[in-house]
Every structure is written in structure tokens, then in C-alpha cells.
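Colleague: Sequence:
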Amino acid sequence: MKTGIRIVQVAAKAHGSPVAISIWASNALAKGGEATYSHPNTLDHKAARGAVQSPYIVQLLTVHYEAAEGAILDVGYPVGALSMAAVAIRRAFQTMTTGTFVAPSDDFSEDNYGTATKKVREGSVQGLLDHKHRFDALIATAMSQVASYKADQAEGASRTELDEDAYNAVDPPTSPPAADQY
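Using UniProt numbering, the first residue of the sequence shown is number 1, and each one after it goes up by one.
Among the hints, erroneous ones may be present.
Derived DSSO-like pairs (lysine-lysine); straight-line CA-CA distance at most 27 Å [to be verified]:
#	residue 1	residue 2
1	LYS46	LYS2
2	LYS13	LYS31
3	LYS31	LYS46
4	LYS2	LYS119
5	LYS118	LYS13
6	LYS118	LYS132
7	LYS2	LYS31
8	LYS46	LYS132
9	LYS132	LYS31
10	LYS13	LYS119
11	LYS118	LYS31
12	LYS13	LYS2
13	LYS132	LYS119
14	LYS119	LYS31
Beta-carbon label-pair distances, calculated as ranges [as the list claims (entries may be wrong)]:
#	residue 1	residue 2	range
15	THR97	HIS45	24 to 32 Å
16	ASN27	ALA103	18 to 26 Å
17	LYS46	GLU122	35 to 43 Å
Hints are computed from structural coordinates only; laboratory data are not their basis. Being a predicted model, the structure only gives us computed values, none of them experimental. For each residue, glycine too, the CB sits at the ideal point set by N, CA and C.
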């Protein structure tokens with residue numbers, strides 16, 4: 001997917017030199033790397049968190065939502081789109097491992113990437129389906145980046161009319177409430 005490549009190329013520019021880009025791309029593809037995880041950890045890959053929720057995958061999923069806007073049917077989780085996005089982002093990082101862009105020699109097609117997409121679907125994406133609150137959070141993050149969704153949220157937000165409301169704002173506790181807390 002060309003969009004995945006563009007997403008990674010934009011991020012690569014922040015790393016400057018070809019050597020730095022090569023190191024960054026290689027680390028991103030390593031076990032626990034940022035090509036896959038939202039909280040990467042390549043030193044201890046078992047400590048990495050947020051599988052198939054990297055910012056790059058989320059950006060590509062956002063593009064999917066933008067392209068499907070107006071045609072979205074509430075039929076379940078976007079397992080196919082997420083599976084393809086994860087594979088496309090890994091492929092995009094692979095184009096940068098030399099430190100400069102090297103175009104892929106193959107097409108992003110079912111023949112070339114169908115098996116990898118199926119593996120992601122049956123592995124990482126199934127893991128999200130097993131923990132639906134994580135999948136819901138991923139979708140909310142992707143949707144929050146869709147322009148029309150942002151506009152709807154801004155229109156739906158209510159302005160604090162009284163300063164007292166803002167001055168007395170307190171976050172709820174994060175631990176389970178005590179029986180007499182509320």
C-alpha cells in the first residue's frame with residue numbers, strides 16, 4: 001500500500017541521516033519494535049505493549065475510515081483492514097532499512113501478502129478480538145483522527161459556562177471505589 005509507505009517515509013525524515021534512518025527502521029521491525037507496538041521495547045520484547053496499535057498502523061487505519069466514510073456499515077470490527085494495515089506498515093518499514101527508500105520489488109497483493117495478512121488476522125488481530133476493550137480503544141483512536149469525526153466531536157462538546165465548573169474539575173479515582181466513596 002503506497003499510503004503505508006508515505007506514512008513511514010514522513011516519519012523517517014525526522015531521523016535525518018541515512019544511517020539513523022536505517023537503524024530506526026531496523027529497530028522498528030525488530031521483535032517488540034514500533035512498527036507493531038504502540039509502546040515498543042526492543043530490549044525486552046515481552047515488555048512491549050499495544051500490539052498492532054502502533055501510530056503508523058493507526059494512521060493507516062484512519063485512512064481506511066476516511067475512505068469508507070459514508071459507507072460504513074456497523075458489521076463488526078475492521079479485522080481485514082487492520083490485518084492489511086499491519087502487514088503494509090511492516091512492508092513500508094522494510095523499504096527504509098537501507099537508510100534510503102528502496103521500492104518494493106513486488107506488488108502488495110493477495111498472492112504476495114495474503115499469507116502474512118492471514119497470520120496477522122489469526123494472531124495479533126485475534127488477540128484484540130479476545131480483549132474487545134483494546135480493539136474498541138484502537139478504533140476510537142483511529143476515528144478521533146478522521147476529520148469529520150473531529151468536527152462532530154467539536155460541535156458536540158459543551159462549553160463550560162461557569163468558571164466554577166472548571167475550577168472544581170476533578171478526575172475520578174482509578175482504583176475501584178470504596179463502598180462509601182460515592
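Colleague: Hint numbers the structure violates, sorted upward?
Modeller: 1, 5, 10, 15, 17
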